[in-house]
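S.K.: Spelled out, the chains give:
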Amino acid sequence: MSGALRVEVLDALNAIERAPSILKVGEQVRRFGETYGISHYLCSAPARPDEEPDEHLLFHNWPPDWFDRYVSRNYVERDPMVRTLLSSLHPFTWGEALEGGRFATKDLEIVHEARAWGMCKGFVVPIYGLGGQAHAVTFAGRDLRLDPQARAELHLIAMYAYGRAKQIKRRRDPPVPLTRRQAEVLQWAALGKSDWEVGEVLGLSSSTVHKHVEAAKRRFGVATRVQAILSALKHGHIKA
Amino acid sequence: MLHLVNRENRRRHLDLLESHYRVRHRVYVRERGWKALDRPDGREVDQFDNEDATYLIWARGKDVLGAARFVPTDKPHLMSDIFPHTATLAPVPRTPSVWEITRFFSVRDPAGEVSRNAVIGDILCAMFEMGLHHELEAISVVCDTFFLPRFLEQSIQAMPLGLPTPYAEGVCIACMLPVSHEQLSAARVARGVRSAVLFPVADLDPRLPSRVEVPAHAAE
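For the record, the sequence lines run as chains A and B.
Position 230 of the first sequence, counted from 1, bears residue number 230 in my numbering, the numbering being contiguous throughout.
Position 117 of the second sequence, counted from 1, bears residue number 1117 in my numbering, the numbering being contiguous throughout.
Read the hints as simulated data drawn from the structure, not as lab findings.
For every residue, glycine included, the Cβ atom is placed at its ideal position computed from N, Cα and C.
A hint or two may mislead.
Taking lysine to aspartate or glutamate and the DMTMM-like style, the derived pairs with C-alpha atoms no more than 25 Å apart in a straight line are [stated by the list, open to error]:
id, chain 1, residue 1, chain 2, residue 2
1, A, Lys239, B, Glu1113
2, B, Lys1062, B, Glu1008
3, A, Lys234, A, Glu52
4, A, Lys169, B, Glu1169
5, A, Lys239, B, Asp1109
6, B, Lys1035, B, Glu1169
7, A, Lys24, B, Glu1182
8, B, Lys1075, B, Glu1137
9, A, Lys211, A, Glu200
10, A, Lys234, B, Glu1113
11, A, Lys121, A, Glu27
12, A, Lys121, A, Asp147
13, A, Lys121, A, Asp68
14, A, Lys239, A, Asp173
15, A, Lys121, A, Asp173
Computed from the model, here is a short list of chain B residues facing chain A with C-beta under 7 Å [claimed, not checked]:
id, residue
16, Arg1043
17, Val1045
18, Gln1047
19, Thr1088
20, Leu1089
21, Pro1091
22, Phe1147
23, Leu1148
24, Leu1152
25, Glu1153
26, Pro1164
27, Ala1168
28, Val1171
From the derived model, a few chain B residues whose C-beta atoms are all more than 12 Å from chain A [claimed, not checked]:
id, residue
29, Arg1010
30, Leu1017
31, Arg1022
32, Lys1035
33, Lys1062
34, Thr1095
35, Asp1144
36, Arg1150
37, Ser1195
Start from the sequences and build out the full structure, keeping to the hints where you can.
M.R.: Listed below in C-alpha cells is the structure:
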C-alpha cells in the first residue's frame, strides 16, 4: 500500500513541468532517482524494424558504449525487458520480469551484460501514449531501494517526465495537418502514379491533383514531390 | 454528433442513455472485467447515474461511440464514496464548482468512419467548454494511471491529489484538471479544431436543444 504524496515528490513534479528542455527533464529525473539508488534512466519506446533505433528516444543517460552495443547487436528484438513491457500495463522490476524463467539463456545475457555498466537492478514504468507505441521509463542502478512508496513515487515521476518531454517534442516538431484530398493524392503518388493516373482513380482533373500536391508541399515546407511523400509518411498521413 | 444529457433534458434522451448504459456494460464489464459492475440485464448503471449526473454522449445515429459522466462533487461521487484514500494531498473536493468525471470511454466505430481519438478529443473539448460555461474551478477524476500521460503529453494540466494506488482491477490515481481557457485551448490544439465542439462557450443554456451538429472535421 502506498502512502502520502510527499512534498519532495511535488517539488520534483513542479521542476519537471517547468523544465525548458527534454535534457532538463532527464536531469530532474536523475536528481529525484538518486534517493532510491538510481544512477541510470531511459525514456523511449522500442523501435520497430523499419524505424531508426532512437526514433522514440526522449531522454536518457545510458552509458554510450552500452547504448551502442545494444543498438548494434539489435538487442531490442530479444531483450526480456522489452518483451515484458509489451505485455504489461503496470510497473515491474527486472527481477519480477525474470520470475517464471520464460526467457532463453542467451536472451538473459542481455540483462546480465548491463551489470558491467552498473545496472544490476531495474524498474520499468510502461507508458501508453497517444501514438500507440508502448513507451517506458526505465530506472536502473547497482542496488535499488524499492518499497511500495518508492515504486508509486517513481511511477508518478515517470508519467510526468514522459508527458513533459512529449510536450516539448511536439512543440519542436508540430504535426502538419493535411486535408483528406491531399493525403489521398500523396498516397497514390507514393505508389508511383502520375498526376493523370491519380486523377483517373479519384475522379479529378490532373491539374487539380497537381494543385493538391503543391499545397501539401507548401504545408510541409518542402521543394519536391518525393520530400512531400516522405513527410506525409513521417506524419502518419499515408502508409508505406 | 455530441449530445449533452442532463436533468433538464434526460426525458427526451432516454433511448440514448439506455444504449450508452449497454455500451458501458460491454466496455467495463465484458472488456475491462470490472465484475462488481456486472448486472444480468446487460446494462452498466451505478449509484452515480442519477438526476445529478450530466453526460456527454458521442453517437452516430444509434451507435454510441463514446461518453463521459459528470457529477458535482458536493453530491455523492466516486472519489468521496469509494476512493477517498486516493487523495492524500488535500481533502476530497466537495463543492459545486468541481465536477467529477467518470465512465470516460470510446469504442471502435463499427462503420470505421470516426476514430476513437476524435471521439475522445471532442469529449475533452466539450468538457472544458462546459466547465467554463458553468464557471467551474476544476474537473476531478479518479482514473487508471495509464490515462494520465495522454493528458499530460497534450499539455492538458493535471494535478495529482495522491500517489498511484492499486485497486482491484489495476492502479488508479486521483487528479484535478483545472478549468481554464488555456486548458480548453490545449484540448482544441490536441483535437485539431479552432472553434467550439459542442456549443459556443458563452451560449450554453441547458434549456436549449442539446443536439448540435458536430462540424465536418469531426467525421474523419
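S.K.: Any of the earlier hints contradicted here, and which numbers?
M.R.: Numbers 4, 15, 16, 17, 18, 21, 22, 27, 35, 36 - these are the hints that the structure violates, sorted from lowest upward.
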